[in-house]
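Asker: Build out the structure end to end from the sequences listed, making use of the hints.
Chains as they are written, first to last, in the UniProt record's numbering: chain Y, 1 to 878; chain L, 1 to 531.
Rather than coming from a laboratory, the hints here were simulated on the basis of the structure.
Note that the coordinates shown come from a computational prediction; the quantities given were computed from them, not determined experimentally.
The beta carbon of each residue, even a glycine, is placed where N, CA and C say it ideally should be.
Do not take every clue at face value.
[Stated by the list, open to error] Below, in silico cross-link-like pairs of lysine-lysine (DSS-like), each with a Cα-Cα straight-line distance of 25 Å or less: (1) Y:K603 with Y:K744; (2) Y:K741 with Y:K603; (3) Y:K475 with Y:K502; (4) L:K183 with Y:K217; (5) L:K461 with Y:K228; (6) Y:K741 with Y:K602; (7) Y:K309 with L:K461; (8) Y:K764 with Y:K741; (9) Y:K352 with L:K96; (10) Y:K352 with Y:K475; (11) Y:K498 with Y:K475; (12) Y:K602 with Y:K417; (13) Y:K602 with Y:K502; (14) L:K96 with Y:K218; (15) Y:K698 with Y:K514; (16) Y:K306 with L:K183; (17) Y:K99 with Y:K444; (18) Y:K482 with Y:K444; (19) Y:K217 with Y:K228; (20) Y:K744 with Y:K758; (21) Y:K417 with Y:K603; (22) Y:K309 with L:K96; (23) L:K183 with Y:K352; (24) Y:K106 with Y:K62.
[As the list claims (entries may be wrong)] Estimated spans, in silico, between C-beta atoms of each pair: (25) L:D254 with Y:K582: 28 to 38 Å; (26) Y:Y659 with L:P184: 49 to 59 Å; (27) Y:L686 with L:H363: 32 to 42 Å; (28) Y:L686 with L:L219: 21 to 31 Å; (29) Y:K582 with L:L361: 34 to 44 Å.
[Stated by the list, open to error] Going by beta-carbon spacing under 8 Å, a handful of chain Y positions derived as facing chain L: (30) E225; (31) T226; (32) D329; (33) E332; (34) L335; (35) S336; (36) L339; (37) D344; (38) L345; (39) E346; (40) L348.
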Amino acid sequence: MFFRLLSAVRRQRPGRGWRNWSSGRSGASAAEAHSVTLPTQAQVVICGGGIMGTSVAYHLSKMGWKDIVLLEQGRLAAGSTRFCAGILSTARHLTIEQKMADYSNKLYHQLEQETGIQTGYIRTGSVFLAQTQDRLISLKRINSRLNVIGIPSEIISPKKVAELHPLLNVHDLVGAMHVPEDAVVSSADVALALASAASQNGVQIYDRTSVLHVMVKKGQVSGVETDKGQIECQYFVNCAGQWAYELGLSNEEPVSIPLHACEHFYLLTRPLETPLQSNTPTIVDADGRIYIRNWQGGLLSGGFEKNPKPIFTEGKNQLEIQNLQEDWDHFEPLLSSLLRRMPDLETLEILKLVNCPETFTPDMRCIMGESPSVRGYFVLAGMNSAGLSFGGGAGRYLAEWMVHGYPSENIWELDLKRFGALQSSRTFLRHRVMEVMPLLYDLKVPRWDFQTGRQLRTSPLYDRLDAQGARWMEKHGFERPKYFVPPDKDLLALEQSKTFYKPDWFEIVESEVKCCKEAVCVIDMSSFTKFEITSTGDQALEVLQYLFSNDLDVPVGHIVHTGMLNQGGGYENDCSVARLSKRSFFMISPTDQQVHCWAWLKKHMPEDSNLLLEDVTWKYTALNLIGPRAVDVLSELSYAPMTPDHFPSLFCKEMSVGYANGIRVMSMTHTGEPGFMLYIPIEYALHVYNEVMSVGQKYGIRNAGYYALRSLRIEKFFAFWGQDLNTLTTPLECGRESRVKLEKGMDFIGRDALLQQKQNGVYKRLTMFILDDHDTDLDLWPWWGEPIYRNGQYAGKTTSSAYSYTLERHVCLGFVHNFSEDTGEEQVVTADFINRGEYEIDIAGHRFQAKAKLYPVTSLFTHKRRKEDVELSDLHGK
Amino acid sequence: MPSTLPFWILKNSARSGIATLQGGKRLYSRWASNGNEASWRLFSHLPSTRKSSVPCSGFTLQKALRHTSTEEDDFQLQLSPQQVNEVLRAGESAHKILDLVSGVPNSVLRFESNQLAANSPVEDRQGIATCLQTNGLMFGIFDGHGGHACAQAVSERLFYYVAVSLMSQQTLERMEGAVESMKPLLPILHWLKRPGDSIYKDVTSMHLDHLRVYWQELLDLHMEMGLNIKEALTHSFQRLDSDISLEVQAPLEDEMTRNLSLQVAFSGATACMAHVDGVHLHVANAGDCRAILGVQEDNGMWSCLPLTCDHNAWNPAELSRLKREHPESEDRTVIVDHRLLGVLMPCRAFGDVQLKWSKELQHSVLERGFDTEALNIYQFTPPHYYPPPYLTAKPEVTYHRLRPQDKFLVLASDGLWDVLGNEEVVRLVVDHLAEAGRHKPDLAQRPANLGLMQSLLLQRKAQGLHAADQNAATHLIRHAIGTNEYGEMEPERLTAMLTLPEDLARMYRDDITVTVVYFNSDSIDTYYRGS
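Answerer: Written out as structure tokens, the structure is:
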């Protein structure tokens with residue numbers, strides 16, 4: 001079906017003079033005139049002929065899948081792909097994004113050789129300017145992360161910037177980052193080259209064919225309905241770009257893909273009098289909100305303005321996007337910024353202002369993966385204006401996912417299942433993307449929260465806590481308290497704290513932590529995902545024993561910390577399970593696991609009407625009573641002895657608290673401190689909270705937030721799923737042998753992998769680092785993602801960090817690898833290897849000495865130890 | 001004039017420290033989303049929406065606000081012009097029609113629409129769709145009363161009835177065949193502006209069943225070409241109204257569906273819809289929404305051509321219709337206080353079965369164990385309730401053959417017409433057209449280089465030109481609520497009207513929904529020359 005592709009390209013040719021096609025290929029064009037009928041079945045149908053769709057087709061066909069049909073409603077590479085600015089940049093904030101961009105760069109580089117199609121690839125490099133010190137810090141952080149994954153980059157002085165680009169005004173710069181291997185490329189040509197390679201591998205490509213909806217049978221993709229007929233298929237890949245949301249909803253079983261388009265403008269100029277050299281680097285001036293690249297002797301410059309214009313909220317109302325209007329008034333701030341950066345351009349002639357909508361997602365990360373509700377329905381969309389940079393890598397990971405069942409890297413941060421239907425409202429998306437688009441060039445400081453689309457899910461205590469000074473952050477739509485501002489503090493100043501250094505809530509959180517250690521605090525933790533699994537017989541126990549690595553056949557009332565592992569032994573979910581009765585279990589997982597965990601359970605649970613899985617997240621308010629006096633508060637409220645003899649650690653009991661009966665009290669706190677979690681049916685929430693607060697008064701009770709919790713859990717070396725742990729981390733790699741029962745009398749998912757790992761040893765190990773020569777007041781604070789050096793050699797990256805008020809030091813968690821000095825190969829990591837190293841943590845280019853620990857600092861556990869050595873849990877968010 | 005703001009505005013815009021932009025947006029979302037509708041507005045239609053009685057001195061307004069008595073009364077805050085724009089523009093949408101329809105340029109060039117809520121939740125609905133079987137464009141405005149249930153149902157369903165009525169025998173047979181063999185239906189409509197998302201799937205499937213019964217009946221009529229547009233519109237209105245009425249009388253299993261059907265039937269909605277196919281413009285109206293045409297004569301003068309008559313007590317034709325339909329003894333009681341039986345402003349509407357059913361029927365339906373209080377249903381028998389029906393959904397259909405001098409069509413709910421006259425509306429749209437022309441940098445004379453372009457843009461920014469409304473519907477709404485009794489635009493008044501707390505907003509203004517449809521005179525010209 002190669003001729004279809006060819007004909008598509010030919011039609012575009014007069015428009016922009018695309019390329020020379022080798023004459024040997026055009027032989028197929030004889031068949032061009034015939035109208036083509038679609039095949040009636042295929043293994044995979046890909047919707048979307050932009051860079052994403054073609055990249056997925058390319059990689060699938062490379063991996064040996066041949067029976068693939070790619071459908072494009074207009075022409076190949078005609079949507080955002082055609083209008084994209086063509087900048088390939090590897091300087092990203094997430095490591096997974098850096099890796100995707102790096103792979104794309106290498107792929108596009110050799111694509112011309114592979115396919116014979118010119119892609120316009122030029123290795124220009126790029127320069128990221130910093131007008132402020134904070135921006136420079138941000139660049140330095142990216143720089144040190146790029147270097148450790150093998151992408152060359154350096155921090156350079158303004159003087160050096162002027163040498164790299166002749167037109168730049170550098171007087172207001174404090175520095176810059178130079179990434180010499182970044183490139184520019186024609187994205188439409190890349191997409192066509194990928195399509196051509198794919199079609200040579202057997203992929204059938206049809207343009208001018210629209211997908212109407214996807215047919216689903218028994219929760220599995222069964223086919224695709226197009227305007228030219230039906231195709232039966234097992235897999236469907238939604239690469240429809242800005243139409244992906246609508247296409248997802250068009251199914252009978254809707255798939256929510258939260259993304260929304262905004263108009264995006266860039267300027268094209270006529271050639272300069274003395275044209276720039278073709279390898280002049282691309283400039284990104286994030287403080288000025290613009291990017292500038294060399295384009296056919298002139299310039300191409302666009303940006304991400306503060307007041308974006310969302311578009312297509314009502315859905316698709318333009319067939320093709322090229323007839324969108326230019327809006328010069330809207331472009332004025334960016335134009336002014338360009339002329340400030342390059343004052344000599346005033347006389348340069350304008351060619352065109354291009355309006356090219358780009359798609360954005362609610363958290364600025366792209367969306368890939370399989371739908372939680374429809375098996376075989378894959379998605380790759382929502383590129384937040386980096387489609388070209390991610391195209392190659394994202395296509396590869398998705399292809400791996402489809403072929404092998406999982407991608408070769410951890411992509412949880414990009415997984416479709418991090419969202420649920422709750423992020424799918426048009427109004428929410430419209431408002432959120434208006435915040436996300438400017439954020440692309442805003443300074444990203446630690447602990448920022450989105451301001452739009454808030455107050456969606458709240459606990460019944462929200463108003464009460466808000467009135468007491470709670471400051472909120474959001475996770476999976478749920479409002480959670482960060483900390484409580486005392487009445488005498490200046491509120492407005494606190495909200496604007498954007499800094500890489502010591503934040504101004506430092507003392508506030510300190511007093512909350514202190515109260516947790518010495519008296520008692522209450523934290524509203526209602527956002528946790530809560531499931532109940534019940535059965536008529538032993539089915540629930542059987543299925544859970546198979547899904548979880550720990551032994552769940554414990555006496556009623558016991559709580560087990562355990563993980564759901566995948567075949568490779570990695571954590572799919574990390575949770576606590578309480579056995580409520582012989583036949584029913586209560587399962588607590590992290591907040592953002594709501595969709596993922598549900599899908600995983602549904603996928604592995606047998607179809608059995610006697611087995612009932614219920615999401616009871618909304619039914620319970622969760623209060624965490626932390627501190628040595630929690631015992632006193634609870635026993636006073638329940639008239640029941642709560643001492644460890646009567647209520648041992650990791651125990652769960654339904655009891656009355658105040659007037660309210662049926663409160664699930666659990667002796668655990670997710671922090672390692674003594675205390676209790678109360679799971680309260682929501683109608684009792686206010687009552688129980690009031691009672692706890694009034695009785696607790698004499699024990700010094702106060703509210704606390706997640707920042708205090710975070711400090712407590714990290715100093716106790718509690719890892720957290722989604723941040724420290726992921727699908728590629730096994731329990732053995734993070735010192736959780738005690739939470740796995742290999743010999744529990746039956747098989748469980750991941751057991752074989754763990755057995756093997758136990759024999760062979762682990763290749764990475766979660767380690768706790770205590771920063772030694774770090775001045776909390778003056779030095780940059782660690783965040784996460786900082787490179788770890790062992791004896792001067794790169795050994796891994798941190799995954800989370802917090803200030804420990806007890807140790808009066810910063811604590812980072814991170815994985816240590818053992819890269820062979822000669823080959824770079826990963827070798828076995830032993831406890832000895834960890835202990836014998838000298839460590840440094842690199843924060844924005846400055847290395848701090850750190851002590852490595854494999855076990856928490858014992859002096860922290862001054863309280864009487866309970867039951868098993870320590871309670872280890874770690875569900876709360878970052 | 002500083003105006004007092006209720007506490008929640010302060011809370012959202014100042015304390016959480018978000019930019020003005022977000023402040024405005026959250027303001028809107030609060031406005032349009034929640035709130036507790038407690039009273040049945042059908043009987044509390046306030047005459048104060050009339051222009052003359054709107055208080056515009058700051059003093060009155062502040063006093064009115066004090067009534068809501070949040071403790072934060074002392075705070076004085078004013079929306080910035082940008083925030084005002086944000087609020088006004090939140091409901092905007094604009095759409096350009098593509099010249100795709102089988103090579104014939106479409107007679108509609110583009111349309112712009114907007115909605116500003118006063119009720120919470122808003123009771124107006126709008127819908128715009130292309131009818132895929134005839135290529136006609138349909139525009140509808142639906143003004144609900146006594147809740148939004150009826151307006152929502154009518155806005156979702158009416159176009160389907162019209163589309164089905166217009167289908168040829170052959171298409172109907174294909175539809176029926178598809179349903180019988182469980183295949184996907186032919187697409188009927190392509191929505192360009194959705195009337196809000198449908199709430200319950202089960203209800204939608206019931207609606208489809210009833211639509212199917214309708215087309216089965218049409219099939220039995222054996223009309224090769226389907227109904228003509230005029231008949232189609234009339235039948236669709238009446239058919240849908242009778243389906244709404246029958247659905248709640250039929251025993252329904254599902255409680256959700258039953259409650260919803262009840263809410264739909266016991267609330268009401270007026271409707272005005274236009275169907276444009278080539279040069280053929282049909283407008284069907286039942287109630288007090290209105291459609292007018294802006295006409296530019298050859299001499300350049302603009303005039304207004306009303307396409308509908310308001311069906312209310314100020315319309316003598318309606319009065320005599322009512323008198324004709326009811327015995328002479330009721331002459332004095334049919335219209336009391338300019339309201340139908342003293343309760344309802346419009347004399348034609350969907351739903352409102354209180355004025356359509358006999359008392360006995362109402363009782364027997366409600367006695368089936370509905371929790372009327374929870375459903376917000378107000379059962380009320382007006383005095384002098386002799387044999388019903390008093391109310392009909394039968395529309396008045398007007399046909400107009402579009403001429404090159406017909407430039408635009410304005411459809412709006414009574415919220416707009418209460419405060420602006422027909423000529424005023426035409427004048428405002430014309431002004432807006434002229435402004436928009438002036439504001440667009442002229443491509444032909446566009447500055448050639450970056451420097452000149454920048455200085456031009458900065459100049460325009462300084463003059464505030466770039467901030468003018470892009471959308472004619474927004475322009476109309478801005479003037480509808482911001483014009484004082486002397487006919488002048490008063491920014492303070494606009495701000496005050498927009499910062500009314502949700503429980504008060506309805507007393508000073510009604511929900512306003514406006515759609516402005518621009519015609520393509522060139523293509524209309526082509527039609528004439530072609531024929």
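Asker: Which numbered hints turn out to be false for this structure?
Answerer: 5, 10, 13, 14, 16, 23, 28, 29, 31, 37
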